[in-house]
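Start from the sequences and build out the full structure, keeping to the hints where you can.
For the protein sequence lines, the chains are A and B, in the order given. Each step along the first sequence adds one to the number in our numbering, with nothing skipped, and position 144 is 144. Every number in our numbering is 1000 more than the matching position in the second sequence, counting from 1.
In short, the hints are calculated from the structure, not lab data. Every residue, glycine too, gets a C-beta built ideally from N, C-alpha and C. Any given hint could be a false lead.
What the hints assert, rightly or not - Quick list of simulated restraints, FRET-style, between CB atoms:
(1) B:1172 to A:232: 46 to 56 angstroms
(2) A:75 to B:1197: 48 to 58 angstroms
(3) B:1019 to A:233: 29 to 39 angstroms
(4) B:1023 to A:221: 27 to 37 angstroms
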Amino acid sequence: MKQSVLRVNNLQKLYGDTIAVDDVSFTVAANEIVGLLGPNGAGKTTTINMVLGVLEPTAGAVSINGTDIAVNRSLALRRTNFSAVYTPLPGNLTVYQNLHIFSLLYGVKDFKRRIDSLIERFDLKKFRFTKCGVLSSGEQTRVSLAKAMLNEPNLLLLDEPTASLDPSVARDIREVIRDFAVKDGAGILWTSHNMYEVEEVCDRVLFLSHGKILLEGDPKILPKEYGKANLEELFITVAREPLTLME
Amino acid sequence: MNFTRVFAIVLRQFYLVSASFARFMPLFIWVAVDVVMWGFLTRYLNTVAAAGFNFIPAMLGAILLWDFFIRIMQGITAAFFEDIWSHNFLNLFSTPITISEYLTGLVVSSITNSLVGIAVMLFLAVVVFGLSFLSYGLVIVPCLLILFMFGIALGIIASAIVLRLGPAAEWFIWPIPAIVSPFVGVLYPVTILPGWMQYVSHLLPPSYAFAALRATVVGGAVFWPGLFISIALAVLYIFLSCKLFTSTYRHAVRTGLIARYSAESLS
Chain A
1 MKQSVLRVNN LQKLYGDTIA VDDVSFTVAA NEIVGLLGPN GAGKTTTINM VLGVLEPTAG
61 AVSINGTDIA VNRSLALRRT NFSAVYTPLP GNLTVYQNLH IFSLLYGVKD FKRRIDSLIE
121 RFDLKKFRFT KCGVLSSGEQ TRVSLAKAML NEPNLLLLDE PTASLDPSVA RDIREVIRDF
181 AVKDGAGILW TSHNMYEVEE VCDRVLFLSH GKILLEGDPK ILPKEYGKAN LEELFITVAR
241 EPLTLME
Chain B
1001 MNFTRVFAIV LRQFYLVSAS FARFMPLFIW VAVDVVMWGF LTRYLNTVAA AGFNFIPAML
1061 GAILLWDFFI RIMQGITAAF FEDIWSHNFL NLFSTPITIS EYLTGLVVSS ITNSLVGIAV
1121 MLFLAVVVFG LSFLSYGLVI VPCLLILFMF GIALGIIASA IVLRLGPAAE WFIWPIPAIV
1181 SPFVGVLYPV TILPGWMQYV SHLLPPSYAF AALRATVVGG AVFWPGLFIS IALAVLYIFL
1241 SCKLFTSTYR HAVRTGLIAR YSAESLS
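Here you go:
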């Protein structure tokens, strides 16, 4: 059995009387890509924020590489990284400057070589000295993904990483990320609303609805188990009639 | 404390300032305007006032030191605001950086940026207006230290206020030095203030520094215990400001403010 890089136990987040995340538990193993799926407001981003330590859970625990984030946040985040479509890197710095600063923040050894290889891998060579703010949203996403791989993370959190990419670039990026999981041994938690992408990339999916994990399983098998033609149909059922799946 | 991460915050500020005329100019332009304006005013006062009193160390020196304090304070808040303006909190605080490393980075950024303004200030004051720091004697050392430490404390408190109240609260921060100024007696002894203002001034470390400088200029005795009290107060305020920032950050993490900080108005 592969070692878990992320272990989430009974995670809960309350905002007053509103339950954003309700008793969620799951693991992500090395070399595994886990899809965190659900309709808007299901609690996906809230869960990711708690894993990153930028949001304190009301209850429960997050352990990354065996380190409880509430006990030693700095150590837990050393080999963790993330990329989200809603958090581009500062637009007033160039691609290289941003990667340089984040490589220092993550304590990357031999950062020059690492930055060069990521610039190459994400086809950013011609934007090396361009300020991130003037890049297209797809180019900014690639810079953000390069940042996310700077510290060769054991755990990579990707919140809709291909949302702003055209299908051709999105496919390339999926391959890079898939490679990263297979060759570099990273565990990846991936959110997306593109069910075809999820089916292609993820080893396992978790369906969140109203802050709870409703379903869990292999994205290629799960739809059939619930009598649905594909993952998208299953997603729509989770979003509109979650109770029918619990019967 | 990981100094590589501290350096990352300082480097970020260096990259921004060195590439932007709009960021580089304010490091010294307002300071230069202040020194020139007050320099000519004090020169004029020297010609019309009774002979024997030199307004240059009394007024220009005081203004220069007050500008030094403002540079330090605003150096911290400006570096902090860069993260707000670029919506960088989520990227930044999901790295291994600790709050103490972040605050140290802001302080070091402020010192390096302030050096530019201070150099221009000193050049104009010493070369153009003939201000001699030797006329203050040794008392200048604790006075600079007090203003430096109080600038750090107020800069961190100001950053905590903006972190708590949201980006729009930035407009509360810029006038803080002007609000504090009447209480600390930059240009006059605090004894002329009404009673309640004097009580406030006793709690503000710069009051003791400016009183000591004035005493030196007029040839009076420096109240050294006051300076030691002032240093102790400044140390206390730095400690309390760090506590305030840390607890504000924890509140932001608990309530989700950090994750949602790009929103314009947060409560």
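Verification of the hints:
A hinted range of 46 to 56 angstroms holds for the C-beta pair residue 1172 (chain B) and residue 232 (chain A), which are about 49 angstroms apart. Take residue 75 (chain A) and residue 1197 (chain B): their Cβ atoms lie about 49 angstroms apart, and the range 48 to 58 angstroms holds. The hint said 29 to 39 angstroms for the Cβ distance between residue 1019 (chain B) and residue 233 (chain A), and at roughly 51 angstroms that hint is violated. A hinted range of 27 to 37 angstroms for the beta carbons of residue 1023 (chain B) and residue 221 (chain A) is inconsistent with their spacing of about 56 angstroms.
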